[in-house]
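Using the sequences provided together with the hints, build the complete structure.
Quick note on numbering: the sequence shown equals residues 1 to 234 in the working numbering.
Keep in mind the hints are simulated off the structure, nothing from the lab. Please note that the accuracy of each hint is not assured.
Unchecked claim - Derived DSBU-like pairs: lysine-lysine, alpha-carbon spacing no greater than 30 Å straight-line:
| no. | residue 1 | residue 2 |
| --- | --- | --- |
| 1 | K12 | K54 |
| 2 | K54 | K148 |
| 3 | K113 | K142 |
This one's a predicted model, so the numbers in the text were calculated from it and none came from an experiment.
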Amino acid sequence: MATKLKAGRPAKERLLDAAERLFAQRGYHGVSIRDITEAAGADVALVNYHFGGKRALLTRVFERRAEILNRERMERLEAVQPGAGGRLDLEEVVNAFMEPLILRSARGGREWKSYFALVAQVNNSPELSVLMTRHFDPVVHKFIDVLKAALPEADLRDIYWGYHFLTGALTLTFAETGRLDKLSGRLCRSTDLESVHARFAPFMAAGFTALAKRRAGAAARAKPRSRRPAATRS
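Here is the structure:
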């Protein structure tokens with residue numbers, strides 16, 4: 001049975017909080033409007049009154065924290081500057097994109113953990129992934145643009161594939177399934193986001209760099225060698 005939220009906050013906020021937690025725990029289709037209103041200590045009619053229905057409630061739950069994250073990530077990406085060698089630091093670029101998520105999840109309390117668990121579910125759902133497109137694509141396109149600037153020699157396809165691998169790793173990280181714990185014999189814990197924070201950017205930056213170098217090496221091997229003129233006899 002869902003735990004009721006304290007009645008001190010406005011009903012609209014209690015409904016958002018309850019929906020966020022329950023959607024994260026059971027999935028969108030595993031939660032009814034009555035489940036949400038009972039957990040929020042609110043009347044069933046208030047879901048339609050404030051949001052217009054269950055799907056609209058999910059949308060508002062999703063965008064509520066997306067607005068905060070996108071603002072932080074955009075500011076970080078805008079602030080990334082070339083180093084002394086005139087090149088952008090790839091680890092700094094990756095951190096600008098992912099660090100707000102990791103730190104919010106690690107230090108932001110139960111509410112943020114619930115939110116990221118919900119994001120992980122939505123990201124894996126063909127039905128609901130339109131929410132990812134609508135609310136996160138602008139910051140993703142900005143991230144891709146900064147990656148292009150950091151890796152001007154990279155094949156654009158490699159940058160997009162690299163992003164695909166990166167977002168997959170983030171999704172699995174936020175799911176916190178516990179599989180890592182079992183595989184490592186408890187040497188690592190899927191809930192240890194501070195360890196994720198220490199390792200994620202170096203790992204992903206190395207992957208992007210390796211793909212870019214592979215393409216540059218292939219281009220160099222394909223370049224025709226200049227032929228020396230034949231020696232003439234005197």
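Query raised in the report: In ascending order, which of the hints set out earlier in this document are inconsistent with the structure?
Result: Hint 2 is the one this structure does not satisfy, whereas the remaining hints hold.
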